[in-house]
Amino acid sequence: MLNYTIRRLMFTIPVLLFISFIIFLLLDLAPNDPTGNLPMTIPPEVREKIRESLGLGQPIHVRYFKWCVQFFVNEPLNIIDQMFGTCTWGCEDRLRVQSWATRSPVVDLIVERMPQTLWVVGMSYVVGILIAIPIGVISAYRQYSWFDQAGTFVSMVGFSVPTFFTGVLMIVIFSVMIPTDSWFWFPSIYDTTHKVTDLASFGFQIRQMAMPVFVLALYNAAQISRFMRASMLDNLNQDYVRTARAKGMRERVVLLVHVLRNSLIPVVTVIALGVPQVFGGAIITEQVFKVNGLGQLLIIGIQGADIPLVQTLTFIFAVLIVLFNLIADILYGILDPRIRYD
Amino acid sequence: MTDATTAASVPEKHRNQWADVWDQFKTHRGAVMGAIFFVAVCCLVIFGPMLWHLDPNFIDIRSKNQGPSFAHPMGTDQLGRDTFASVLQGGRVSLLVGVTAMLLALVLGTLVGVLAGYFKRLDGFLMRITDLFLALPLLPLLLVIIMLFRDTLRAAFGPETGIFLLIVFVIGITSWMQTARIVRGDVLALKEQEFVLAARSIGTPSRRMIGRHILPNVLSPIMVSATLGIANAIITESALSFLGLGFPSDFPTWGRLLYDSTNFMTLNPERVIWPGLAISLTVLSVNYIGDGLRDALDPRIRGR
Amino acid sequence: MKLKTALLGAATAVALSGVTAQAERGADGHLNIIYWQAASILNPFLSGGTKDTEASSMVIEPLARYDEQGNMLPWLVDEIPTVANGGISEDLTTITWKLTPGIKWSDGSDFTAADVVFTGEYCMHPEGGCQQESKFAGVKNVEALDDLTVKITFDGPKPFPYAPFVGVESPIIQAAQFANCLGADAPNCTEANFGPHGTGPFRVTEFKANDVISYEANPHYRDPAKPAFATATFKGGGDAAAAARSVLETGEFDYAWNLQIDPTILTQMAGAGKGTVVSSFGTSVERLMVNLSNPDAALGDKRSTLEGGPHPFLTDPIVRTALSKAIDRALVSEVGYGAAGKPTCNVLPAPAIYASTANDACLGQDIAGANAMLEGAGWVKGADGIRAKDGVRLSILYQTSTNAVRQDTQALLKQWWSEIGVETELKNVDAGVFFGGDQSSPDTYQKLFADIEMYTNNFAGTDPEAYMGNWVCDEIPMPSNNWLGSNMPRYCDPAYDALAAKMGQTSALEERAELAKAMNDMLMQAGAMIPLVHRGDVSAHSNTLNGVKMNSWDSELWNVADWTRAD
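Residue numbers (my numbering), protein chains in the order written: chain G, 1 to 342; chain R, 1 to 304; chain A, 1 to 567.
Keep in mind the hints are simulated off the structure, nothing from the lab.
Values in this document were obtained by computation on a predicted structure and should not be read as measured data.
All C-beta atoms, glycine included, are put in the ideal place defined by N, C-alpha and C.
Do not take every clue at face value.
Said to hold, decoys possible - Think about it this way: if two alpha-carbon atoms lie no more than 25 Å apart in a straight line, the pair counts; the simulated SDA-like pairs of lysine to any residue are:
id, chain 1, residue 1, chain 2, residue 2
1, A, Lys274, R, Met265
2, A, Lys381, R, Gln193
3, A, Lys427, R, Ala155
4, A, Lys274, A, Pro295
5, G, Lys247, R, Pro49
6, R, Lys26, G, Ala150
7, R, Lys26, G, Asp148
8, A, Lys427, R, Phe149
9, R, Lys191, G, Leu335
10, R, Lys64, R, Met50
11, G, Lys49, A, Ala137
12, A, Lys342, A, Ala137
13, A, Lys274, R, Phe264
14, A, Lys208, G, Leu335
15, R, Lys64, R, Pro49
16, A, Lys208, G, Pro115
17, A, Lys427, R, Lys26
18, A, Lys517, A, Phe459
Stated by the list, open to error - Footprint (simulated), chain A over chain G, 3 or more residues, beta carbon under 8 Å:
id, region
19, 33 to 40
20, 155 to 166
Stated by the list, open to error - A short list of chain R residues far from chain A (calculated; beta carbon distances all over 12 Å):
id, residue
21, Trp52
22, Phe84
23, Leu104
24, Leu143
25, Ala198
26, Thr204
27, Ile210
28, Leu243
29, Leu245
30, Phe251
31, Asn263
32, Phe264
33, Leu277
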């Protein structure tokens, strides 16, 4: 397995380079433009000059190469310098990856967005998984019981009603209809400048997270619980379950040790696909609750054709996807030792 | 979905596997109800617009933002267009897009997943392609595809069919990866099970192996993917039209109706309730059909 | 004695300003502003849109700005230079501004003429990519005569010399802070771009790009009693409906900007009683651009260019008039814009002295009349109900950017046009693509690969000269100028060009107004554009916030120093 992991990791480097080039091509080809959101009063000649000043006049391979140098060489060097307070090879005029819209280093923007993204999107994913697995297990074990039927109904509605609707519904109920001084009132706008320093401020943090986390967790749990249930059902009818029961093992052990372990493969796949999505943010939910995490950063970048920003974010995202899929592959081997890649 | 036809074409005396499947399917109450509901919805959206004579695009500004009445059973929107007519008309597009895009994604995902899981030689390559597709930013990809192909398709098939093909293609091509990863994971585990090893040891060719032993056993995650896929396609379509990348604005779809009416939630709630209900119940019915089909196709359950 | 004077002074200040709250800096606590488009930079010269300029207007200020009526107000100067007071030379080639003494930057240093000169240098630098470069068009030289006097020399007579350093788009930045940010270095000064020193009532304490800005009262602000708020938050994100909700329904925020949502919803939200919707009118007009050239795809490179030949039917004035007559502008305005819209028949609806009344006949809808006109001109209905003449069908591809109100307008117009036998196909394009001007995209508003397109245009400030110059022959977008041009209808009339040239040499206000009106009427009578709605700006403020004066000629936050909290 270790051999396999190392081989995969080596192979990852050219794959990621290739992916980064494809993304760059795609972004370059896309028809939106960094001057598209300027007021109409700015004349076309000035727009052309702005484009020139962003370096859009250069051929694509030059721009791609510049990005590669900035991202793969200059940014890591910068991190090293910041950590040790050193100044390696000309740190004064080292060009970092600069966003076009904000004229500031992209990596700093991403770091600035991490707290709210992890608090809201990350938490919702954890909550989603924690809800989904028990629901999936019980639903499968008691197939067609009222619990299963209710779970099916809620998760199907949860998945098929989009977050732009559930989010606004929550706001209308908990921010508008409920009076502001009530305990059940929740803020509709997430305050990213809020700092948790004591219990009261922690309470406020929980309050402002509650609605977006609930909306997202419902959506995530719906999906994962369906796969969990289906996979459990498949395994519950297998011969080994009958054998285990016949051997007189306790039902709880049969269910939670043998069946659950064997049923986790598709769930691990789904979760591994979902974790990078956490870092991709949740565009719609973030917009509804004004969380302004990585998803909002990405969508603003796309709308404003901020190529360095979108390229960097998407590439980090790609790294996570490749990494987590690798982790999933390794986990398969642990869950089912018969799976071998050598 | 296809069971009604298969069952009808099979004569009673010639009992084969498919008749067994149909018999088993019939005993699944949820599945039968789901199927009836689904067929009813299909009939309603296919024949409904012929019976309900109001044009979904007809603007009667004097009756804007109305609640339910005999003239407008689901009320009207901010321009006085009849919501019922829009829901009927919108259902055609949403169902068609949902089902076709889901099928496309499912076929593609299953194909890639089975091939990658079963043949070790293909695994690395196919999974890296999957990684690439997972990593591509959706919106710029859509902008590019639409810039390159919208005019060509519009010229070749007209604005509606052209954009329909484009949307189905776009949704299909961007949502098969999850299915592929899940199917591959299951196939990897299946491949090492005793019955597969046994079948292989007696020299069963790969094609038969996949058709006989692998596919039937990865059916349940595929069914779940199918259910989630329909919902996903319907919602994605609405996001596309909202971004101006989908159907023209005078072309109602369920997702779009839901999106447009979200802000009117407190003003006239029935505008959001109906499209929302239509999407959820359709997805729910597909889910039950999927459950029934899975049970029916599983020989271990069928015997019970 | 001392205390008594202070109290008396405070009392008179209150009586004069008519503000009830105590006139003391920072006494009213915290101010919450929401702009649903988040600010990405606080340097207006590198900004990505109105949101950035407005956010920066709380910090940095121009020499003079416009009040809510569109009148010019001296801001960092004592008076507006004119020919009469000697501030503008007789030959109209120079303007001299005299700065108010004693103004300080937020870091405590003095505001001097050198800062103004530097700002000019900064924006006119050829490699800087300054967004407001056109404000400095024709400027030959900016020099400091002494610490408080700035002289701007133009390369020819300038009848309206109030473009540089006037209005929200052209504020003064501090020379000391931006000294190393000239030209190609401009984008690298992240710290300065995110937290410029200013002369305004607030200064930046924290800037989170595309998210939120925190301000505090500027301790060196010239009026010791202002601003009333000690701190302020400028939050971004979400959409217009959510912003409206946070002020009008939940009361979490005090001020929300640009609430272009369905007027019915806005009215309903305002019914909650927590806030007030305010609007004001500038020069924005939602209009249809009629393509006078042929957009047929079969023409290849000549598509939508003058070489491609005239449009098959839109060059017929009867058709254009009929299309305009079939529209009920009052209804479009009411349905889409509510209180923030007025039906209009002019592309130049304001300021009042420039507004023509010659075209007001278009305000009434006349479907029967339009039908009769088309019938009379030989456009006859075919079996499908669509009019045609000599094998040319009246079938229109009508494009606009994606926006709920615009799609409603499209639906209304499609219905009316179908009543006069015109077939309409609707198309909407993502705004970033539509207005982006990417050379490779076929969907930009400049290429106009459609028969009719709809969008809003306006001009900054109150002088329409540059705006009316948009429709001269040289401004026609075509492949040879990389589609860079503002004359979307491809309208070309030497008589119009002559009027435009004449306006550039006329300085008397009345004569300029006559010229502008004549040009507006020419465009309207030629039918190159079909104006629909004179659009206002809509915002909302909390009922606990006093002093808001909506302003469409300058920043909406132009008088934020005067805002107070009602008790």
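Results for each hint:
1. For a cut-off of 25 Å, the pair hint linking Lys274/A to Met265/R stands: about 19 Å separates their Cα positions.
2. At most 25 Å may separate the alpha-carbon atoms for a hinted pair to count; Lys381/A and Gln193/R exceed this at roughly 73 Å.
3. Distance hint between Lys427/A and Ala155/R is fulfilled; the C-alpha atoms sit about 14 Å from each other, no more than 25 Å.
4. With a C-alpha separation of about 50 Å, the suggested pairing of Lys274/A with Pro295/A is violated against the 25 Å cut-off.
5. For the proposed pair Lys247/G and Pro49/R, the alpha carbon gap of about 62 Å is over 25 Å, so the pair is violated.
6. Proposed proximity of Lys26/R and Ala150/G is supported: the alpha carbons are some 22 Å apart, at most 25 Å.
7. For the suggested pair Lys26/R and Asp148/G, the alpha carbons sit about 20 Å apart, so the restraint of at most 25 Å is met.
8. Annotation: proposed proximity of Lys427/A to Phe149/R holds, straight-line Cα distance about 15 Å (limit 25 Å).
9. For the suggested pair Lys191/R and Leu335/G, the alpha carbons sit about 15 Å apart, so the restraint of at most 25 Å is met.
10. Restraint check for Lys64/R and Met50/R: satisfied, since their Cα atoms lie roughly 24 Å apart, inside the 25 Å limit.
11. The suggested pairing of Lys49/G with Ala137/A holds, with an alpha-carbon distance near 14 Å, which does not exceed 25 Å.
12. The straight-line distance between the Cα atoms of Lys342/A and Ala137/A is roughly 33 Å, outside the 25 Å bound, and the hint therefore fails.
13. Using a Cα cut-off of 25 Å, the hinted pair Lys274/A and Phe264/R holds, with the two alpha carbons roughly 19 Å apart.
14. In summary, the hint linking Lys208/A to Leu335/G is not supported, as the alpha carbons are separated by about 44 Å, beyond the 25 Å threshold.
15. With a C-alpha separation of about 21 Å, the suggested pair Lys64/R and Pro49/R falls inside the 25 Å cut-off, and the hint holds.
16. A threshold of 25 Å between alpha carbons decides the hint, and for Lys208/A with Pro115/G the separation of about 13 Å falls inside it, so the pair holds.
17. At roughly 47 Å between alpha-carbon atoms, Lys427/A and Lys26/R are farther apart than 25 Å, so this suggested pair is violated.
18. The suggested pairing of Lys517/A with Phe459/A holds, with an alpha-carbon distance near 15 Å, which does not exceed 25 Å.
19. Counting residues of the region 33 to 40 of chain G whose CB lies closer than 8 Å to any CB of chain A gives 8, which reaches the minimum of 3, so the coverage claim holds.
20. With a threshold of 8 Å between beta carbons, the proposed coverage of the region 155 to 166 of chain G by chain A is violated, since 0 of its residues qualify and at least three are required.
21. Distance to chain A confirms Trp52/R as a non-interface residue, since its nearest Cβ pair spans about 19 Å, more than 12 Å.
22. At roughly 18 Å, the least C-beta separation between Phe84/R and chain A is larger than 12 Å, which holds for a residue marked as non-interface.
23. With a closest Cβ-Cβ approach of about 24 Å to chain A, Leu104/R is found to remain outside the 12 Å limit, as its non-interface label requires.
24. The beta carbon of Leu143/R is not kept farther than 12 Å from every beta carbon of chain A, the shortest such distance being approximately 7 Å.
25. Chain A leaves Ala198/R outside its interface by the beta-carbon criterion, the shortest separation being 56 Å against a cut-off of 12 Å.
26. No Cβ of chain A comes within 12 Å of the Cβ of Thr204/R; the nearest lies about 52 Å off, and the non-interface call holds.
27. The Cβ of Ile210/R lies farther than 12 Å from every Cβ of chain A, with a closest approach of about 43 Å, so its non-interface assignment holds.
28. Some Cβ of chain A comes within 12 Å of the Cβ of Leu243/R; the nearest lies about 6 Å off, and the non-interface call is violated.
29. With 12 Å as the threshold on Cβ separation, the claim that Leu245/R sits away from chain A is violated: the shortest Cβ distance comes to roughly 7 Å.
30. For Phe251/R, the non-interface assignment is contradicted: its Cβ lies about 9 Å from the closest Cβ of chain A, within the 12 Å cut-off.
31. Not every beta carbon of chain A lies more than 12 Å from that of Asn263/R, the smallest distance being close to 5 Å; the non-interface claim is violated.
32. Distance check on Phe264/R: its Cβ comes as close as 7 Å (rounded) to a Cβ of chain A, failing to clear the 12 Å threshold; non-interface status is violated.
33. At the 12 Å boundary, the C-beta of Leu277/R stays outside the reach of chain A, the nearest C-beta of that chain being 22 Å off.
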